[in-house]
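> Take a look at the letters that make up each chain.
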Amino acid sequence: MIKPEPSPQDLQYLVAQAELDADQLRRAYRQLCLIRSFENLIADRYYIGKAPEFNMAAGPIRGEMHLAVGQEAVAVGVCSLLEESDAVVSTHRPHHHALAKGVEPKKLAAEIFGKASGLCHGKGGHMHLFDTSKHFSCSGIVGASFPQAAGAAFAFRKLGQRQVAVAFAGEGAANHGTFAETLNVAGLFQLPLVVVIEDNLYADSTPKWAALSTVHHFQRAQSFNVPSYVVDGMDLIDVYRVAKLVIERARNGMGPALIEAVCYRYRGHFEGDAEEYRTREEVERWRALDPIPRLGERLKVLGWADEATLNRLRDEAQQEAEAAIQFAESSPLPEPQEALRGVFQ
Amino acid sequence: MRKLKGLAFAIAEAIDQEMAHNERLVVLGEDVTYWGAVFGFTMGLFPKYGRERVVDTPITEQTFMGMAVGAASVGLHPVVSLMFVDFCGAGFDQMFNHMAKNHYMSGGQLPMPVTVITAIGGGYGDAAQHSQVLYGLFAHLPGFKIVVPATAYDAKGLTVRALADPNPVIIFGHKLLTGLPFLPFEGEEEEVPEERYTLEFGQAAVRRQGRDLTIVAAGLMVPRSLQAAERLAQEGISAEVIDLRTLVPLDETTLVASARKTGRVLIVDEDYMSYGLSGEVAFRIQAGALGSLKAPIQRLAVPDVPIPFSEPLESAVIPSVQRIYEAARSLVGVQALA
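Top to bottom, those sequences are chains A and B. Position in the first sequence counted from 1, then plus 1129, gives you this note's numbering. Position in the second sequence counted from 1, then plus 250, gives you this note's numbering.
Just so you know, not all the hints are guaranteed correct.
Stated by the list, open to error - With a Cα cut of at most 25 Å, we get these calculated SDA-like pairs of lysine to any residue:
id, chain 1, residue 1, chain 2, residue 2
1, A, Lys1235, B, Gly339
2, B, Lys511, B, Arg573
3, A, Lys1287, B, Ala270
4, A, Lys1263, B, Lys511
5, A, Lys1287, B, Pro416
6, A, Lys1287, B, Lys511
7, A, Lys1287, B, Arg573
8, A, Lys1287, B, Arg411
9, B, Lys298, A, Tyr1176
10, B, Lys511, B, Gly529
11, A, Lys1287, B, Gly294
12, A, Lys1287, B, Lys298
13, B, Lys298, A, Arg1286
14, B, Lys298, A, Gln1319
15, A, Lys1287, B, Asp281
16, A, Lys1263, B, Gly358
17, A, Lys1287, B, Pro308
18, A, Lys1287, B, Ser570
19, A, Lys1287, B, Tyr299
Said to hold, decoys possible - If you only want the chain A side, here are some residues facing chain B, beta carbon under 10 Å, derived:
id, residue
20, His1257
21, Ala1281
22, Ala1284
23, Gln1351
24, Val1472
Stated by the list, open to error - A short list of chain B residues far from chain A (calculated; beta carbon distances all over 12 Å):
id, residue
25, His271
26, Tyr284
27, Pro328
28, Asp343
29, Tyr354
30, Pro434
31, Arg549
32, Pro556
Simulated from the structure, these hints should not be mistaken for laboratory data. Computed from a predicted structure; not experimentally measured. We put the CB at the ideal spot given by N, CA and C, even for glycine.
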């Protein structure tokens, strides 16, 4: 599932096959860097006020915090193929999907900080991010994204539109009943749905081997007549190549598909996680496969970027992320009365 | 005008009339085509609109409720049939964590126009997993509007209103009021206009005027309370009967005004007693009419046991005309406290 690095010749072949050009790949690199910088800054601010004693309620960012550092290539590989009007339903670990779907980083950060200027005026927070202008939503409930994306796909088809819907979920969520139920419905109705399992090998702290009776989820999807693929989730090009195939197919009325992207999160399940379920060596092994330097190296091999270009893209992304965090930090908190508004439309 | 027997045809007719001019209405759920949703709430729609708009789903409450959430968020108005309300457990996460909350959590961005129609109630021997009422569970959760029609006229007008609402609305149709041939019927045939009309939410109906006590009820408990009131009238006791019609929003004004007039209140509820509708209504009434109450508010509800199967057991727990009559009579006999 983690594929060996291709030779320069094969790399050219793979890139051509995926119909990726220099601009697209440089943009993807910048996106990966933006997500990484954004999440590193969130992690940094999250711990303010939470030392020496870790208290989830203290500091400028309250509550749980689930970061996707390491998993950026899955989000960017899939979402860079989507149109703004395509729907994405994400999970409790949603920042990378949101940014990749084009959600404004400032409003995203402000929501994570619980500010009035946030996407949801501070009512959603880190796990409940909604941006209807980008057709992005998520849920803090494991397994909830599958049927909701299927519902959006159902509506698109009913309304005669060509949009597709994407459900992101972790490999733990794929053990939820909604996974099987939704694949059955999607296969039955031939919905324009793409299910993306981000298999980072752990459901919270539970290793995949302790929770799954087989090895892969793609086999289970196939049993519902849903074409399914395993991709190297640490490799943007591999994710992109398969995502392009299935998204185009769904858009053209040829039904649902599943992508199982094997990837890894470098940070714990949540910030503050002691991570006793895995070794430091394991994390280091996966860090060697980091999607960002991996893509950077390939851009150099292809002659599409030199070190200076990569540095510039990385710096631009860092600045954009910092501006978002500063916007969030300097925004006002909502008025308390806001809590009583908006239960009904 | 023509006479209609029961809620089922009235609800199905309301959906039909709205579907005819609103392309965004799509019916989803279990057995909604051939069987018209088991309790008849979608009967007649399939031959008219076909599988494109009347969609049988697999028995997957969680997933079809989630599909409704997703479909509503991008422009459809799904009408979801949950066969028995008792099955909400299997679909509850999508209902209470998403359907009810996404509008609020998104800061008002996400519309959630979903109408869920489900069957409630016992009284025909279907036991504990098929006879519950449970509207209190849903009314407890912010974000749902709760409709409990007791008459065919109300069922049609309130359903039309629900189908135009941008919020999630749950319509609870009592099985013994559906008017279907395979179930006992405790309602009455009544005049229902053929043309479209709307009833507002949050307006209780005073079904019978009275001066000695107020009986508050919803669903099947309305006709039972009216029958009890008839018997009380024969003994010179004048009971006012209020049909709540919607639990969310709740018409506090009518309740308080009636309690101030009669000074005595009996709440009749087919849901479980504790932490439910009867406690909520009692609280709201005392908050608005304490000075006028001549006796503590009384309530009759299912005494916190699952609905049993055997006839004498079931009859012992679901409020009957006889027990409503007895409770009301003894309440009127209670002397004023002050």
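> All hints, please: hold or fail.
Each hint tested on the structure:
{"no.": "1", "hint": "A/Lys1235 to B/Gly339", "result": "violated, 39 Å"}
{"no.": "2", "hint": "B/Lys511 to B/Arg573", "result": "holds, 24 Å"}
{"no.": "3", "hint": "A/Lys1287 to B/Ala270", "result": "holds, 16 Å"}
{"no.": "4", "hint": "A/Lys1263 to B/Lys511", "result": "violated, 55 Å"}
{"no.": "5", "hint": "A/Lys1287 to B/Pro416", "result": "holds, 19 Å"}
{"no.": "6", "hint": "A/Lys1287 to B/Lys511", "result": "violated, 53 Å"}
{"no.": "7", "hint": "A/Lys1287 to B/Arg573", "result": "violated, 51 Å"}
{"no.": "8", "hint": "A/Lys1287 to B/Arg411", "result": "holds, 23 Å"}
{"no.": "9", "hint": "B/Lys298 to A/Tyr1176", "result": "violated, 60 Å"}
{"no.": "10", "hint": "B/Lys511 to B/Gly529", "result": "holds, 21 Å"}
{"no.": "11", "hint": "A/Lys1287 to B/Gly294", "result": "holds, 21 Å"}
{"no.": "12", "hint": "A/Lys1287 to B/Lys298", "result": "holds, 17 Å"}
{"no.": "13", "hint": "B/Lys298 to A/Arg1286", "result": "holds, 20 Å"}
{"no.": "14", "hint": "B/Lys298 to A/Gln1319", "result": "holds, 23 Å"}
{"no.": "15", "hint": "A/Lys1287 to B/Asp281", "result": "holds, 20 Å"}
{"no.": "16", "hint": "A/Lys1263 to B/Gly358", "result": "holds, 15 Å"}
{"no.": "17", "hint": "A/Lys1287 to B/Pro308", "result": "holds, 18 Å"}
{"no.": "18", "hint": "A/Lys1287 to B/Ser570", "result": "violated, 46 Å"}
{"no.": "19", "hint": "A/Lys1287 to B/Tyr299", "result": "holds, 13 Å"}
{"no.": "20", "hint": "His1257", "result": "holds, 4 Å"}
{"no.": "21", "hint": "Ala1281", "result": "holds, 4 Å"}
{"no.": "22", "hint": "Ala1284", "result": "holds, 4 Å"}
{"no.": "23", "hint": "Gln1351", "result": "violated, 18 Å"}
{"no.": "24", "hint": "Val1472", "result": "holds, 5 Å"}
{"no.": "25", "hint": "His271", "result": "holds, 16 Å"}
{"no.": "26", "hint": "Tyr284", "result": "holds, 17 Å"}
{"no.": "27", "hint": "Pro328", "result": "violated, 8 Å"}
{"no.": "28", "hint": "Asp343", "result": "violated, 6 Å"}
{"no.": "29", "hint": "Tyr354", "result": "violated, 5 Å"}
{"no.": "30", "hint": "Pro434", "result": "holds, 35 Å"}
{"no.": "31", "hint": "Arg549", "result": "holds, 27 Å"}
{"no.": "32", "hint": "Pro556", "result": "holds, 24 Å"}
Hints 1, 4, 6, 7, 9, 18, 23, 27, 28 and 29 from the earlier list are contradicted by this structure; the remaining hints agree with it.
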